[in-house]
Structures are given as C-alpha cells and as structure tokens.
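Work out the full structure: start from the sequences and follow the hints.
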Amino acid sequence: MGRIFGISSILLLILTLPLETILAVTIQMNAGRIFKKVSIQKESETEIEVVDPDGVIYRIRKDKIKQISEDAPDTIPEFASDESVPTGAVKTSSPKDSLPEHSILLSQSLSNDGAFQGSDLFGERQARRNGTSYKDFYEAYFLTTSVEILGLPKQFKLGLIVMNPLVDRSNTDSDLRLQSTPGGPDQTYLLDKSFATGTLQFDPNEVKTRKEKNGLFDYIFTRAMYDHETKLGTFSAGFLFINQNDPSYVMRGYWVIGWKAPFWEWLNPQFSINNKMLNDYGGTFQGTHNYRLTLSHEFFKGETFRITPSLVVGYAEVNDNTDRKKGISDVSPRLQFDYGKFFFAANMMYRATPALVDNGTYTPNIGAYPDSNSNDGLTIDPAKAYGYKNEFIINSISSLSSDPAVKRALVDHYQQQHIVHVIFFYNIGYTIRI
Numbered sequence: 001m002g003r004i005f006g007i008s009s010i011l012l013l014i015l016t017l018p019l020e021t022i023l024a025v026t027i028q029m030n031a032g033r034i035f036k037k038v039s040i041q042k043e044s045e046t047e048i049e050v051v052d053p054d055g056v057i058y059r060i061r062k063d064k065i066k067q068i069s070e071d072a073p074d075t076i077p078e079f080a081s082d083e084s085v086p087t088g089a090v091k092t093s094s095p096k097d098s099l100p101e102h103s104i105l106l107s108q109s110l111s112n113d114g115a116f117q118g119s120d121l122f123g124e125r126q127a128r129r130n131g132t133s134y135k136d137f138y139e140a141y142f143l144t145t146s147v148e149i150l151g152l153p154k155q156f157k158l159g160l161i162v163m164n165p166l167v168d169r170s171n172t173d174s175d176l177r178l179q180s181t182p183g184g185p186d187q188t189y190l191l192d193k194s195f196a197t198g199t200l201q202f203d204p205n206e207v208k209t210r211k212e213k214n215g216l217f218d219y220i221f222t223r224a225m226y227d228h229e230t231k232l233g234t235f236s237a238g239f240l241f242i243n244q245n246d247p248s249y250v251m252r253g254y255w256v257i258g259w260k261a262p263f264w265e266w267l268n269p270q271f272s273i274n275n276k277m278l279n280d281y282g283g284t285f286q287g288t289h290n291y292r293l294t295l296s297h298e299f300f301k302g303e304t305f306r307i308t309p310s311l312v313v314g315y316a317e318v319n320d321n322t323d324r325k326k327g328i329s330d331v332s333p334r335l336q337f338d339y340g341k342f343f344f345a346a347n348m349m350y351r352a353t354p355a356l357v358d359n360g361t362y363t364p365n366i367g368a369y370p371d372s373n374s375n376d377g378l379t380i381d382p383a384k385a386y387g388y389k390n391e392f393i394i395n396s397i398s399s400l401s402s403d404p405a406v407k408r409a410l411v412d413h414y415q416q417q418h419i420v421h422v423i424f425f426y427n428i429g430y431t432i433r434i
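If you read the sequence shown in my numbering, its first letter stands for residue 1, the second for the next number, and so on.
Since the hints were made in silico from the structure, they are not lab data.
One or more hints might be untrue.
As the list claims (entries may be wrong) - Now the in silico label distances, taken between C-beta atoms and shown as ranges:
{"id": "1", "residue 1": "213", "residue 2": "277", "range": "23 to 33 Å"}
{"id": "2", "residue 1": "234", "residue 2": "418", "range": "37 to 47 Å"}
{"id": "3", "residue 1": "160", "residue 2": "255", "range": "45 to 55 Å"}
{"id": "4", "residue 1": "352", "residue 2": "190", "range": "40 to 50 Å"}
{"id": "5", "residue 1": "197", "residue 2": "141", "range": "20 to 30 Å"}
{"id": "6", "residue 1": "404", "residue 2": "108", "range": "51 to 61 Å"}
Stated by the list, open to error - DSBU-like cross-link-like pairs, simulated, lysine-lysine; straight-line CA separation at most 30 Å:
{"id": "7", "residue 1": "157", "residue 2": "276"}
{"id": "8", "residue 1": "231", "residue 2": "36"}
{"id": "9", "residue 1": "231", "residue 2": "37"}
{"id": "10", "residue 1": "208", "residue 2": "389"}
{"id": "11", "residue 1": "231", "residue 2": "62"}
{"id": "12", "residue 1": "154", "residue 2": "42"}
Cβ coordinates follow ideal geometry from the N, Cα and C atoms, glycine included.
Next up, the structure:
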C-alpha cells in the first residue's frame with residue numbers, strides 16, 4: 001500500500017542539479033502518471049526517492065521519468081508597502097503551513113482466508129465450527145480494512161488493520177454433541193444406552209445440542225514503527241499488537257526489529273524479528289521469536305498496471321514452553337497485480353514444520369483420545385469427532401479388540417488426518433487516500 005513505482009529521466013538539466021536545490025517538484029511518468037509537489041530525498045544510479053505532501057515515500061526508477069519540473073513557491077507574494085497606510089504591508093498566510101492534503105491511506109479487500117506466521121486465522125476454525133475436514137482452500141470470507149496514517153515524519157509509521165468475518169459469525173450447535181449445559185461434557189453416550197436398552201436414559205429437555213461459542217472472530221492488528229536510515233541499510237523498531245474478540249486469547253504483543261539491506265535492491269531484501277512480549281495460554285501459541293526474511297520486486301513501476309511477486313520465509317523458535325519446538329513456521333509466496341487503485345493477490349502458505357501447530361492450543365484435542373504425539377503431524381478430523389454417527393463408528397471399532405492399545409490405535413486411525421501443509425487464499429480490493 002502507498003507505493004508508487006518507476007521513473008525515467010528526460011530533463012537532464014534538472015536531473016543533474018544537486019538534489020538539495022530541488023525543494024518541490026512535479027514528476028510526470030512515461031505512462032502518464034503525475035506526482036505533484038514531491039520532495040526528492042535521495043538518489044541512486046537507477047532510482048530516486050521522493051516524499052509527497054502527505055509524507056508518503058515513493059521510490060521511482062529514472063528510466064520511467066518523462067519530465068521533472070520544479071514547482072513554484074507556495075507562498076503568495078506580499079503586496080507593495082503603502083506608506084500612507086499605517087498597518088504596513090498586506091500578507092496572506094500560506095495554507096501549506098497547516099495540515100497535509102490527506103490524512104489516511106485506506107485499503108479494503110475481500111479474502112477467503114488469512115494467515116499469520118504459520119497460523120490459519122479463519123479457515124481451520126471454520127472447519128471445527130461446521131464439523132468439516134481440514135483442507136487447503138476455505139470459504140471463510142472476511143473484509144480487511146487497513147488504515148495508514150499520513151503526514152507523519154518520514155521515519156514514523158502508524159497503521160491499523162481490522163479483519164471482520166462476513167460468514168459464520170454466530171454461535172451454533174453444529175458440533176452435534178449432546179450437553180446439559182453449553183460447553184459441558186459430551187453426553188452422546190446416553191443416546192447409545194437408550195438405543196441399547198430401548199428405554200430413554202436422559203431428559204431431552206435438559207440433554208440436547210446446545211449452541212457453542214464457535215463463531216469466527218474479528219481481529220485488530222495495530223502497528224507502530226520507527227525507521228532509521230544509515231549507510232548499512234534501514235533499521236526499524238516498533239510494536240505489533242493483535243487483539244481478537246475471544247476473551248480467552250487476551251492480546252498478543254510483539255516487539256519488532258528489522259533491517260532493510262542496502263544491496264540487492266532489485267530483490268528488496270528485508271529481515272525482521274517478531275519477539276513475543278505478552279503471554280496467552282502461558283505463551284504456548286506460536287513462537288516466542290519468529291525470524292522473517294522478505295524478498296520482493298515490482299515490475300512496471302509507475303505504470304497503471306503493475307506486478308509484484310514476493311516471498312516471505314519465517315522461522316519459529318521456542319514454540320512451546322514445554323517442548324521447545326523450532327522450525328520453519330511458513331514459506332509464503334504472493335503474486336499481486338495492481339491496476340490503478342485496485343489490486344488482486346494470490347497467496348500460498350506452506351507450513352514446512354507442521355509439528356509447530358500440532359498441539360492442543362492450535363488444533364484442540366477433540367477426539368476420543370487426547371493427542372499424545374505432538375510430532376507426528378496428525379490431528380483430529382473435525383468431521384469425525386462428534387455426532388451420533390461418529391459415536392456409533394467409534395464404539396464399533398472399539399469392540400473389535402479388548403486390548404486398550406489396539407482400541408486406541410484403531411480409533412486414532414479412523415479419526416485422525418494429516419495437518420494441512422499448504423493453504424491457498426486470495427485478496428481483491430482497492431487503495432485510496434482520504
């Protein structure tokens with residue numbers, strides 16, 4: 001968001017002037033795009049960096065520039081002094097002494113799923129809610145609204161991202177369990193006894209399917225960063241807080257530090273570390289540290305139509321305070337297409353180390369037996385966990401052997417599925433200034 005690409009040089013006279021002498025310029029691109037009243041900050045052999053009146057930074061390729069012209073001063077000339085008027089010269093204040101032209105950069109997009117550091121934010125919860133198997137493509141549609149504050153000093157970045165599910169928000173009893181209280185123990189076995197004895201073993205007004213708090217949640221991501229440019233690259237530091245409207249999660253907070261390399265500009269390499277500060281579930285959710293490497297390149301900078309492939313690789317360290325898991329949390333390629341203010345992106349998240357999410361926090365123990373092997377990459381299939389049909393099948397399987405170990409192996413074989421390694425999702429939306 002807020003990126004502008006590509007620039008070529010035609011007015012060699014202006015380009016060869018010292019940058020310090022160009023206070024405000026208008027840049028016209030070969031493709032017809034125009035940047036007005038921007039200030040040139042620095043220059044390399046192939047690109048220049050400019051800042052617009054709102055404080056948004058753009059990197060523009062010189063070979064895409066058609067024309068650069070210096071802007072006239074914003075101040076309004078004073079009237080000539082009239083000695084017969086004791087009030088002195090008449091002066092009109094410049095509007096540029098007040099606020100920037102725009103206040104926020106707004107972006108909204110529709111998505112079928114979302115991801116964060118190897119976590120599936122919506123789809124896998126939707127599967128547990130609806131009693132369906134985990135899969136690689138979900139229809140857990142949600143609206144993302146992103147707000148970036150403009151007009152701040154160049155070094156400061158402040159943004160807010162809100163994710164609002166558009167489906168499956170309400171509580172349901174889709175888990176098919178029989179309960180005497182919401183969230184209580186599963187009492188489906190009473191139905192089995194009723195069929196076996198021919199006598200109703202429970203009060204259907206008390207023991208019945210009840211609505212659970214299993215709707216999809218809203219998320220709020222808050223980010224505040226400070227960038228410091230040096231000859232060794234750009235160093236960043238700041239905070240990322242994640243709120244979720246589920247009281248059991250409280251808040252996740254990260255201390256973020258980053259570095260943008262001064263070399264390989266074509267790949268735009270960036271390295272960051274998300275250090276967890278706040279605990280939820282005793283610190284068992286995700287890694288205490290997540291090291292992230294980002295590579296990206298934008299083709300057709302400055303054009304109306306642009307293509308940006310990118311790749312993010314994350315490595316989680318100290319995933320759980322008990323077993324201290326480590327590994328690659330996610331490999332996340334993305335291909336984004338921009339046309340003017342609109343964009344479409346295709347995303348993939350590959351979880352190279354499924355053991356990082358093979359735990360009771362990320363994939364809850366909803367099977368007949370608790371998951372005793374947190375390194376096998378297997379979890380309970382929600383479609384085979386609850387309901388009378390599954391209860392009947394599990395009882396039938398258990399009756400095949402009197403050995404407890406054999407019973408468990410047979411039931412686990414029926415109920416378990418592999419944790420999904422690859423998840424696909426897309427975004428389609430727009431970006432404007434307000």
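Now the hints, each set against the structure:
Distance hint for residue 213 and residue 277: a CB-CB separation of about 27 Å, consistent with the stated range 23 to 33 Å. Separated by about 41 Å at the C-beta atoms, residue 234 and residue 418 satisfy the suggested range of 37 to 47 Å. The hinted window of 45 to 55 Å between residue 160 and residue 255 is violated, with their beta carbons roughly 18 Å apart. The beta-carbon spacing between residue 352 and residue 190, approximately 44 Å, falls within the hinted interval of 40 to 50 Å.
A C-beta distance of roughly 46 Å is found between residue 197 and residue 141, which places it outside the suggested range of 20 to 30 Å. Between residue 404 and residue 108 the beta carbons are some 54 Å apart, a value that agrees with the proposed interval 51 to 61 Å. Under the criterion of a C-alpha separation no larger than 30 Å, the hint pairing residue 157 with residue 276 is consistent with the structure, at around 20 Å. Between residue 231 and residue 36 the alpha-carbon distance is near 29 Å, which keeps this suggested pair within the 30 Å criterion.
Straight-line distance between C-alpha atoms of residue 231 and residue 37 comes to about 27 Å, which keeps the hinted pair within the 30 Å bound. Restraint check for residue 208 and residue 389: satisfied, since their Cα atoms lie roughly 16 Å apart, inside the 30 Å limit. Between residue 231 and residue 62 the alpha-carbon distance is near 22 Å, which keeps this suggested pair within the 30 Å criterion. The hinted pair formed by residue 154 and residue 42 meets the criterion: a straight-line CA distance of about 13 Å does not exceed 30 Å.
Violated hints, in rising order: 3 and 5; the structure is consistent with all others.
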